[in-house]
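**Student:** Residues 1 to 552 in our numbering are what the sequence shown spells out, letter by letter.
Hints may contain errors.
As the list claims (entries may be wrong) - Here are the simulated DSS-like pairs of lysine-lysine, each with C-alpha atoms no more than 30 angstroms apart in a straight line:
1. K509 x K388
2. K274 x K539
3. K524 x K200
4. K200 x K550
5. K415 x K437
6. K380 x K295
7. K200 x K509
8. K210 x K274
9. K380 x K183
10. K163 x K295
11. K295 x K281
12. K323 x K462
13. K524 x K90
14. K200 x K183
15. K210 x K285
16. K509 x K163
17. K175 x K200
18. K175 x K163
19. K550 x K524
20. K539 x K460
21. K281 x K163
22. K509 x K550
23. K200 x K539
24. K295 x K323
25. K437 x K210
26. K90 x K210
27. K516 x K462
28. K539 x K183
29. K550 x K388
30. K509 x K462
31. K90 x K462
32. K380 x K200
33. K388 x K281
34. K462 x K97
35. K460 x K509
36. K163 x K437
37. K380 x K274
38. K462 x K388
Quick caveat, the hints were computed from the structure, so don't treat them as lab data.
Keep in mind it's a predicted model, so treat the numbers as computed, not measured.
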Amino acid sequence: MGVELPTMLSSLLTRLPFLGSAAGENHNVTRLVLVAFTVIYVTSRLRKFLDGRKFIAHMPNFNVAVSPYSPFGLFLPVTRFTPGYWFLWKGRHELYKHLNGENFAIVPWLEGDPMIISSNLDVMRQVAYGSHRTDFEKPQEMSQALLFWGQNLAAADGDTWRKHRRVMGPAFNSKLYQTVWTKTAEIYDQMVEGEGWTGKDSVEVPAVQKLTFQVALLVISTCGFGLPFNWEEPPVASDGSMTVQQALSVTNERTLAVTNLPRWTHKLPLTYFKEIGEAVKQMEKFMNEQISLRKQMVGAGNVMENPDAFTMMVQANEEGDNKYVLENDELIGNVFILLFAGHETTAHTFAAALSYLAINPDIQQEILDHIVSAIGWDGKPTFEDYGKLDKVLAVFYEALRLFPSGHLMFRRATKDTTIQIPRPLGQEGSETIPVSKGTTVVIDMVGVQYNARYFDEPEKFKPSRWYGLSLNDADAFTAFSVGPRECLGRRFATIEAVSFLTLLIRDWKLEPLLQKGETVPEWKERVLDAQILITLGVKDAPIRFVRRNKQG
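Required output: the full structure, derived from the provided sequences and hints.
**Tutor:** This is the structure:
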């Protein structure tokens, strides 16, 4: 039961005998009000803390001052009582071993609510499926950064999610996937030429993310929106204003600032914020114009033979049932979720995959042999070759397992319910855990992917664990989520990955670009750590690309 603040305040003021004489003195009244609210806050927090302790008495728990996922928890320095936003990543190797289990609770005594944290796949399936039968929903406040451009599939829940899913689904089909394959190969060629690699025997790239983010951005721009962008720098508009490609680059590179800072900051007299404001204005204007244009095309029956995802989304919206129609801002919200969350995930995973291949030459050679055996040394692979290149896909899957971009999943109980928690590895059966209405359950996706229950030697880069996996097997790989809420862009991402990685690995040998006196293990320790923007990915990865002699 919660604390009734108005009642408690009234009671407290009644019990202060000196209140009447002090009422006429402003400073005393102010002091008394501050004292009253301080007492109320402390009492409220104590009550919440004790209730939290009672609710998690059946599982291991950490007593902390603030929740690591509260506003304060994001920015306070890491201490014993302020574990920090990254603590699950930092503890991925030892945390659950220390707990001798896969589930624990956090009970903040200063700020934040109690929560259950789990690295168990069965628990994940119970809370994350997103169907109408579930007792859990996605907390809206955990999706605020995703709502800047408008309501969307990633942030929505319940009936709203189903409406968005119905409109978005038709945009992802075989025609789009063939376009993704072909365009990705074209963008790879643009990269080689645009970066000046043609004719060079080796190239040193201080941060491979510079390339992978550009590749992923161009793929999603052309295939997702039909924008005729290329590798070269965007042209400057004749009137000096920001072009769409420039605006896209600014909003992409400054995603955290764009989605988290209030719009009034765009008017601050600093170039950084003024550019964000101009970019946001240009993108909103452009997207509204594009929606109108595509609605006219759909209405006139002039949809192109191989339309982009955006056009197919508008078409599905225009031709669908009225109760599932999305407003313009909702269409824009979904477009930008595809653009930012989608391309950032792919770019980070490319960087991780290339980094792991660079320090595992035996695996790199195995993948090269597989590519050459499947498609030969020369010529462009076709979309029909996708199914032959399962070992290339395995590299992408394994890199995404080790660096899962969607590293946290939040769900809140909509009523008093229970979850079944399997007993620790080696023990049979499960335990029924009561979950009170309003309790947040956090799925630690890093913990899931490093869980020895599911993966042999989980710390190791072993693409072979995915060999032979059906390309359509949705349950064996969980980094794209599970159930109805599985990532809609999964196949888009895997086709893009296989097309790009196949060409790159066939043409170039990857080596870690070492600092003076640095060893490969030291490079690995320095580079293969996480950085978190909207998603999780490796730190800047320096890699040397050495042209192959077409004989391995």
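**Student:** If a hint holds in the structure, say so; if it does not, say that too.
**Tutor:** Hints, one by one, checked against the model:
Straight-line distance between C-alpha atoms of K509 and K388 comes to about 21 angstroms, which keeps the hinted pair within the 30 angstroms bound. Straight-line distance between C-alpha atoms of K274 and K539 comes to about 28 angstroms, which keeps the hinted pair within the 30 angstroms bound. At most 30 angstroms may separate the alpha-carbon atoms for a hinted pair to count; K524 and K200 meet this at roughly 26 angstroms. This hinted pair checks out: K200 and K550 have alpha carbons roughly 15 angstroms apart, not beyond 30 angstroms.
Of the supplied pair hints, the one linking K415 and K437 holds, its CA atoms being roughly 4 angstroms apart against a limit of 30 angstroms. Between K380 and K295 the CA atoms are separated by roughly 36 angstroms; this puts the pair beyond 30 angstroms, and the hint is violated. About 13 angstroms separates the Cα atoms of K200 and K509, which keeps this hinted pair within 30 angstroms; it holds. Pair hint K210 plus K274 holds up; C-alpha atoms about 24 angstroms apart against a cutoff of 30 angstroms.
For the hint pairing K380 with K183, the CA-to-CA distance comes to about 12 angstroms; that is within 30 angstroms, so the pair holds. About 19 angstroms separates the Cα atoms of K163 and K295, which keeps this hinted pair within 30 angstroms; it holds. Annotation: proposed proximity of K295 to K281 holds, straight-line Cα distance about 21 angstroms (limit 30 angstroms). Restraint check for K323 and K462: the C-alpha separation of about 47 angstroms exceeds 30 angstroms, so the hint is violated.
Distance hint between K524 and K90 is fulfilled; the C-alpha atoms sit about 15 angstroms from each other, no more than 30 angstroms. Taken as a hint, the K200 and K183 pair is honoured in the structure, with Cα atoms around 24 angstroms apart against an allowance of 30 angstroms. For the proposed pair K210 and K285, the alpha carbon gap of about 28 angstroms is at most 30 angstroms, so the pair holds. Straight-line distance between C-alpha atoms of K509 and K163 comes to about 46 angstroms, which puts the hinted pair past the 30 angstroms bound.
Simply put, K175 and K200 have alpha-carbon atoms about 36 angstroms apart, too far for the 30 angstroms limit, and the pair is violated. Distance check on the hinted pair: K175 and K163 sit about 23 angstroms apart at the alpha-carbon level, within 30 angstroms; holds. At most 30 angstroms may separate the alpha-carbon atoms for a hinted pair to count; K550 and K524 meet this at roughly 28 angstroms. As the CA atoms of K539 and K460 are separated by approximately 18 angstroms, the hinted pair is consistent with the 30 angstroms bound.
For the hint pairing K281 with K163, the CA-to-CA distance comes to about 27 angstroms; that is within 30 angstroms, so the pair holds. Only pairs whose Cα atoms come within 30 angstroms are accepted, and K509 paired with K550 is accepted, the gap being roughly 11 angstroms. Of the supplied pair hints, the one linking K200 and K539 holds, its CA atoms being roughly 26 angstroms apart against a limit of 30 angstroms. Between the alpha carbons of K295 and K323 the distance comes to roughly 18 angstroms, so the proposed pair stays at or under 30 angstroms and holds.
For the given pair, K437 sits about 45 angstroms from K210 by alpha-carbon distance, which is inconsistent with the 30 angstroms threshold. Taken as a hint, the K90 and K210 pair is honoured in the structure, with Cα atoms around 25 angstroms apart against an allowance of 30 angstroms. Our distance criterion of 30 angstroms between C-alpha atoms is met by K516 and K462, whose separation comes to about 29 angstroms. Taking the CA atoms of K539 and K183, the gap is about 27 angstroms. The hint holds against a cut of 30 angstroms.
A hinted pair counts as satisfied when its Cα atoms are at most 30 angstroms apart, and K550 with K388 qualifies at roughly 20 angstroms. Proximity of K509 to K462 is assessed by CA-CA distance (about 19 angstroms); at most 30 angstroms being required, the pair is judged to hold. Distance check on the hinted pair: K90 and K462 sit about 21 angstroms apart at the alpha-carbon level, within 30 angstroms; holds. Taking the CA atoms of K380 and K200, the gap is near 21 angstroms; set against the 30 angstroms cutoff, the hint holds.
As the CA atoms of K388 and K281 are separated by approximately 45 angstroms, the hinted pair breaks the 30 angstroms bound. For the suggested pair K462 and K97, the alpha carbons sit about 22 angstroms apart, so the restraint of at most 30 angstroms is met. Under the criterion of a C-alpha separation no larger than 30 angstroms, the hint pairing K460 with K509 is consistent with the structure, at around 21 angstroms. Distance restraint check for K163 and K437: the Cα-Cα separation of roughly 26 angstroms lies within the 30 angstroms cut-off, and the hinted pair is therefore satisfied.
Restraint check for K380 and K274: not satisfied, since their Cα atoms lie roughly 44 angstroms apart, outside the 30 angstroms limit. For the hint linking K462 to K388, the alpha-carbon distance of about 19 angstroms falls within 30 angstroms, and the restraint holds.
Hints 6, 12, 16, 17, 25, 33 and 37, counting from the list given before, are not met by this structure.
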